[in-house]
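S.K.: Sequence:
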Amino acid sequence: MLLRKTALVLALATAALLASTATATAAPAEPTPATGASTTPLAAAAAKPVIVVGGLSGVAVAYEPIAARLRADGYRTFIYQLPGLGLGDIPTSARAFAGYVDQVRASTGAATVDVVAHSEGGLVSRYYLKRLGGTATVGRYVSLGTPQYGTYVANIVAFLGLGSCAGVVACQQMTIGSAFLADLNAGDDTPGAVRYTTIRTLQDELVRPTGNAAVNDGATNVLIQAYCPLRVVGHLGLVLDGTAYTIVRGALVDGPVRPNCLAL
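Residue numbers (the numbering used here): 4 to 267.
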């Protein structure tokens, strides 16, 4: 039953991804804040800009809800839409992201930025940190439902007879056991002085097993249901859910893990 349900979810998701490429626009060449920041008690802790990194097929506007929460907490927030909606090679997307980080730093005067990344965006950001020298320019890394060690939902496309991830390179690279993940996960998962936090949910439809959304070597790995067992949050819901956001907010100020299970 789970296999059949997962296959259906992936088939629908793949169709949506392929359809979206015809109409989606690329991320802006110049960094643009989501909107202006407001003053709150957390504003003093918001010394660094925050870049929200989108996931596979994630258009920038889809991340406005979490950007608005960050903005309300006083953060100067930027949204990065992956090149080609993230369908292409992840290391190539990471090199483009490196340039974007430099643009944000130049436009804000900040030495470092914090990163809040959803799904594939977490792999793009982590490749930047581990392979492109990004640890010098990032203070905090927070991932939301990122298949750090791959997902069998990607593997199942071949099972459905659609070829190797229907030709989507990023999907191939997020397959459990891929050469990309073997390289990314070789050695230290959490290099540099960056503070690493991963957030995952038991109801994630696209990252299976859900434990693959965690990393090793000193990261703070948070399973929402370990604190809030009745909270239901799906893969896309991680960027909308109030409880998930309270974990993000705590991570950005190096606070303890204290999710608000009733947050809207």
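Derived from the structure by calculation, the hints contain no laboratory data.
Backbone N, C-alpha and C fix where the C-beta goes; we use that ideal spot for every residue, glycine too.
One or more hints might be untrue.
What the hints assert, rightly or not - Label-pair restraints from in silico Cβ distances: (1) Gly112 to Ala182: 37 to 43 Å; (2) Asn219 to Asp92: 23 to 29 Å; (3) Ala114 to Gly237: 34 to 40 Å; (4) Leu267 to Ala189: 25 to 31 Å.
S.K.: Indicate, hint by hint, whether the structure satisfies it.
M.R.: Consistency of the hints with the structure:
no.	hint	verdict
1	Gly112 to Ala182: 37 to 43 Å	holds (39 Å)
2	Asn219 to Asp92: 23 to 29 Å	holds (25 Å)
3	Ala114 to Gly237: 34 to 40 Å	holds (36 Å)
4	Leu267 to Ala189: 25 to 31 Å	violated (41 Å)
The structure is inconsistent with hint 4 alone, although it conforms to all the rest.
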